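K.L.:
Sequences are here, hints too, so could you generate the full structure?
Protein sequences appear in the order of chains A and B. Taking the numbering used here, the leading residue of the first sequence gets 1, the next gets one more, and so forth. Taking the numbering used here, the leading residue of the second sequence gets 1, the next gets one more, and so forth.
Source of the hints: derived by calculation from the structure; they are not laboratory data. The structure presented is a predicted model; accordingly, all values stated were derived computationally and were not measured. Heads up, a few of these hints could be off.
Unchecked claim - Which chain A residues face chain B? A few, computed with CB under 7 Å, are given here: (1) 3; (2) 9; (3) 10; (4) 12; (5) 13; (6) 16; (7) 17; (8) 34; (9) 38; (10) 40; (11) 43; (12) 47.
All C-beta atoms, glycine included, are put in the ideal place defined by N, C-alpha and C.
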Amino acid sequence: MDTLIFGGLLATLIAMYRETSRMVVLGAWWVMLIAVTLLMAHHITGGLALTLSW
Amino acid sequence: MATIESLLPESTPEAAQPGKVQYWFACLFTVGWAGVASGGLLQQFARGEHPCPLCVVQRMFMLLAALGAAYIIRTALLRGSVTGRHYMTGWGLVLVAATGGSFAAWRQTTLHILPGAKGYGGEVFGLHLYVWALILFQVSVVVVGILLACSHATADRGVPATGPGPLRAAGLFALWFLGLVIAVSMVAVFLDEGFHWFLPDAPDKYRFFHDAGILD
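P.N.:
Structural data, given as structure tokens:
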């Protein structure tokens, strides 16, 4: 998954470099953001509460 | 009798005008975040420290932030002008990515917050990489906020970067450097991950080489 996401980031940059339409470039960026966010959610397995007691 | 042509400036404005500050900063920002991500790669290759899954997620957010600034560069390179909407789109992408990266870095920081916890990986200038990431993501948000607040003086519409010159050279360098860092990151994480879907919690070897029987 990580490799695919980096590949997607590279593809997004290539789309930016070439004269690809703005919608495609921005669409690719948002798709990558969603993919990274889902990957992060997958790796956050515990709760977010710190429950520190000192 | 004055014609409309005589009222327009004949020479292109100097590249260093204050109105080009946001373009120049977009170049610096792109190179800067790509540089920070390459610092993580250096830590990986020079010190042999394998990045954990959340470290890799932070690298992705860094590169997404760099791509936000790259959007402004790209607009100038293709059109020779950057409208307010383009500046706002680029910096908006940066703010979203920096916020996501901040969250990932905060999460990893809190995993090692207990007194006596060693933390993950080595330290750079006394701080772990994820703490540096948290600081830099937050600094980015503040700097972009200041830049947007000063847009009247720093966001010229005319950015003549379609022809040869320092504006185009800086923009192309930023995009190519970013591309190089993304490509190296992709190869590095592939070697770490191999043909598995996810990285293990605490990677200690290059799984591609291990699975291929090249290394133990």
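K.L.:
The structure should be examined with respect to each hint, and the outcome stated for every one.
P.N.:
Hints, one by one, checked against the model:
no., hint, verdict
1, 3, "holds, 4 Å"
2, 9, "holds, 5 Å"
3, 10, "holds, 5 Å"
4, 12, "holds, 6 Å"
5, 13, "holds, 5 Å"
6, 16, "holds, 4 Å"
7, 17, "holds, 6 Å"
8, 34, "violated, 10 Å"
9, 38, "violated, 10 Å"
10, 40, "holds, 5 Å"
11, 43, "holds, 4 Å"
12, 47, "violated, 11 Å"
In summary, the structure is inconsistent with hints 8, 9, 12 from the numbered list given earlier, while agreeing with the others.
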